Amino acid sequence: MLLPAPLDWSAETPIIGSVRFLFLAFSFIPIGLTIKSSVSGFPENTTQFSGGTIFGCDGALLLGLKVSSMERVLPRRNRAVNPLLRAYALGYLSSVTPRLVSYVRRLARQDWTAQQKLQELVQVLTGPLRVNSFPTFCAALAGGSTLLPIGLYRLCALIPVGLARGDVQISKKLDRLIRFAAAFLSGWFSFQLINRNRICLRTEAVRFQRESTERESTDQEHDSSEAGANPLEHHRPELAGRTMDLTIFSVTRAVDVIACVAWNHWSRHRKAQNRWTVVETFVPGLADAGVFATSAAIVMWAWFYLPERLPRTYEKWIGEAAQVDSRLIEALRRARRGVFVYGKDTGQAPLLKPMCNDYDWPEAWGDPAKTVPIPCEMVHMGCGPSCEKHALYRFARTFKFACATYIPLQIVFRLRGMKSAAALRRAIFDAARSSTFLASFVTLFYYSVCLARTRLGPKIFDPKTVTPLMWDSGLCVGAGCLMCGWSALVEKARKRQELALFVAPRAAATVLPRLYDKKYQYRERFAFAVSAAILITCLRERPSMVRGVFGRITNSVLN
Numbered sequence: 001m002l003l004p005a006p007l008d009w010s011a012e013t014p015i016i017g018s019v020r021f022l023f024l025a026f027s028f029i030p031i032g033l034t035i036k037s038s039v040s041g042f043p044e045n046t047t048q049f050s051g052g053t054i055f056g057c058d059g060a061l062l063l064g065l066k067v068s069s070m071e072r073v074l075p076r077r078n079r080a081v082n083p084l085l086r087a088y089a090l091g092y093l094s095s096v097t098p099r100l101v102s103y104v105r106r107l108a109r110q111d112w113t114a115q116q117k118l119q120e121l122v123q124v125l126t127g128p129l130r131v132n133s134f135p136t137f138c139a140a141l142a143g144g145s146t147l148l149p150i151g152l153y154r155l156c157a158l159i160p161v162g163l164a165r166g167d168v169q170i171s172k173k174l175d176r177l178i179r180f181a182a183a184f185l186s187g188w189f190s191f192q193l194i195n196r197n198r199i200c201l202r203t204e205a206v207r208f209q210r211e212s213t214e215r216e217s218t219d220q221e222h223d224s225s226e227a228g229a230n231p232l233e234h235h236r237p238e239l240a241g242r243t244m245d246l247t248i249f250s251v252t253r254a255v256d257v258i259a260c261v262a263w264n265h266w267s268r269h270r271k272a273q274n275r276w277t278v279v280e281t282f283v284p285g286l287a288d289a290g291v292f293a294t295s296a297a298i299v300m301w302a303w304f305y306l307p308e309r310l311p312r313t314y315e316k317w318i319g320e321a322a323q324v325d326s327r328l329i330e331a332l333r334r335a336r337r338g339v340f341v342y343g344k345d346t347g348q349a350p351l352l353k354p355m356c357n358d359y360d361w362p363e364a365w366g367d368p369a370k371t372v373p374i375p376c377e378m379v380h381m382g383c384g385p386s387c388e389k390h391a392l393y394r395f396a397r398t399f400k401f402a403c404a405t406y407i408p409l410q411i412v413f414r415l416r417g418m419k420s421a422a423a424l425r426r427a428i429f430d431a432a433r434s435s436t437f438l439a440s441f442v443t444l445f446y447y448s449v450c451l452a453r454t455r456l457g458p459k460i461f462d463p464k465t466v467t468p469l470m471w472d473s474g475l476c477v478g479a480g481c482l483m484c485g486w487s488a489l490v491e492k493a494r495k496r497q498e499l500a501l502f503v504a505p506r507a508a509a510t511v512l513p514r515l516y517d518k519k520y521q522y523r524e525r526f527a528f529a530v531s532a533a534i535l536i537t538c539l540r541e542r543p544s545m546v547r548g549v550f551g552r553i554t555n556s557v558l559n
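Residue numbers for the sequence shown follow the UniProt record's numbering, so the first one is 1 and each next one is one higher.
A couple of the hints might just be wrong.
[Stated by the list, open to error] Taking lysine to aspartate or glutamate pairs in the EDC-like style, the calculated list, with each CA pair at most 16 angstroms apart, reads:
| # | residue 1 | residue 2 |
| --- | --- | --- |
| 1 | K370 | E388 |
| 2 | K464 | D430 |
| 3 | K172 | D430 |
| 4 | K495 | D430 |
| 5 | K389 | E377 |
| 6 | K519 | E238 |
| 7 | K389 | D367 |
| 8 | K353 | E330 |
| 9 | K400 | D430 |
| 10 | K173 | E541 |
| 11 | K353 | E363 |
| 12 | K344 | D367 |
| 13 | K353 | E320 |
| 14 | K400 | E320 |
| 15 | K518 | E238 |
| 16 | K492 | D430 |
Think of the hints as simulated: they come from the structure by calculation, not from any bench.
The structure displayed is predicted, hence computed values, not measured ones.
Let the sequences and hints guide you as you build the complete structure.
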């Protein structure tokens, strides 16, 4: 239910393809600078600067000669500029592609003249060429992190001139800090570049203002007379948050890479001491499954009770995969709000009585004043009273739905290498495995809900202590949310990794505010700059720590 769902990025925020350009992580180490008067006997892991010789930010010799010699400098300069150009191209493609898709769709609906079609196409193609656009942001981030260290290395090359022409050796620690500082500055200023435009989202602004009003209701009542005298004192704040998805994504990936580096250090230490155990071998795969299960639980909880925190397309896709009657969802939401109450006539019977008529059930089932709790058969939606039968039905139905999506995609993606029957069987097998994961996700959710509210929950806990209303007001949904994500164990370890890294930013985005007062934007800016610096530093030094498709793409851009 979570894997292929698209994210809802507005035209003013980076799209999901654009987010792939963020960078992955490492941590910097204290610096070391050594001044020596002779060229022999250099310490290990140092970079030498002698008479204007400069070494690049990729760890290789950038200008392997004196600065005045330009014949061999130009190719190296081109190499230094390449990350900037590749980043701009990637950012442009990720910005233009969704706009082109939308343009093609509108062509079928709009009755445009040839001139209007051309004007619209030109606008689509030239829109991302603005200075404060996503491609420029990508280029500034990659270019700054690549070119700024070169300037710092040039300054280091000038140090011997003022120190009796000795030789300056830059240790790896100082080299790493230079890269980190350059990447931090690039992230700091490129963040401001993409946030130059003001946010004009009326619905979100109204929601933000309403939430702020509720939180500060006491203060507003106290100052109501003053506000009437001077309404400018209580103006609506300028909002920020255009790049929250981008920042959350970068922070999530940075945390992931830091965890990978820490685990790599731990495993090497344990193996060196011959204390490595079989249990530790399975920790990475289980950790990815745990991250996905936790993230999926947060997303599914938000889908039930806080749908406004999910992008509309994401919410719609989950609903299509879940295939649940919207009246049941509304009943659970009202129970959560304390409106739908068992044993009391609160006027909620008209919500589920039409559903009873549709499925030929007794109308009393839909009246919470008469039936406590709602029978599981209503949750099964015509599949009978057996929870196990309903679980099997859900598995088969979702498996069919997923196969219709995954099998064509697997064949298309592997079409070039589809030269034998074995390759075709492999593609179908992988699609079936992914379909099994999705079907297990849905099945575990529904069956856990049934187990919690009627099968096991009331038998384990005293119904007087944990009432049926408590189960239906959140506990049963919580049980389903906690269990469904463990279906990721069906997938291969590498696929679990991708699933976890895909859903984790989405889960974080449901917890954090989408918009906030702009006076707090420095917090987001600092978080983005630090995470981007960590990521870029790691990509330069240890790209193997950058996991998944994102790691391969960013590594090809920077290195």
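Checked hints:
no., hint, in the structure
1, K370 x E388, "26 angstroms, violated"
2, K464 x D430, "48 angstroms, violated"
3, K172 x D430, "43 angstroms, violated"
4, K495 x D430, "10 angstroms, holds"
5, K389 x E377, "11 angstroms, holds"
6, K519 x E238, "8 angstroms, holds"
7, K389 x D367, "25 angstroms, violated"
8, K353 x E330, "13 angstroms, holds"
9, K400 x D430, "15 angstroms, holds"
10, K173 x E541, "12 angstroms, holds"
11, K353 x E363, "5 angstroms, holds"
12, K344 x D367, "9 angstroms, holds"
13, K353 x E320, "23 angstroms, violated"
14, K400 x E320, "13 angstroms, holds"
15, K518 x E238, "6 angstroms, holds"
16, K492 x D430, "10 angstroms, holds"
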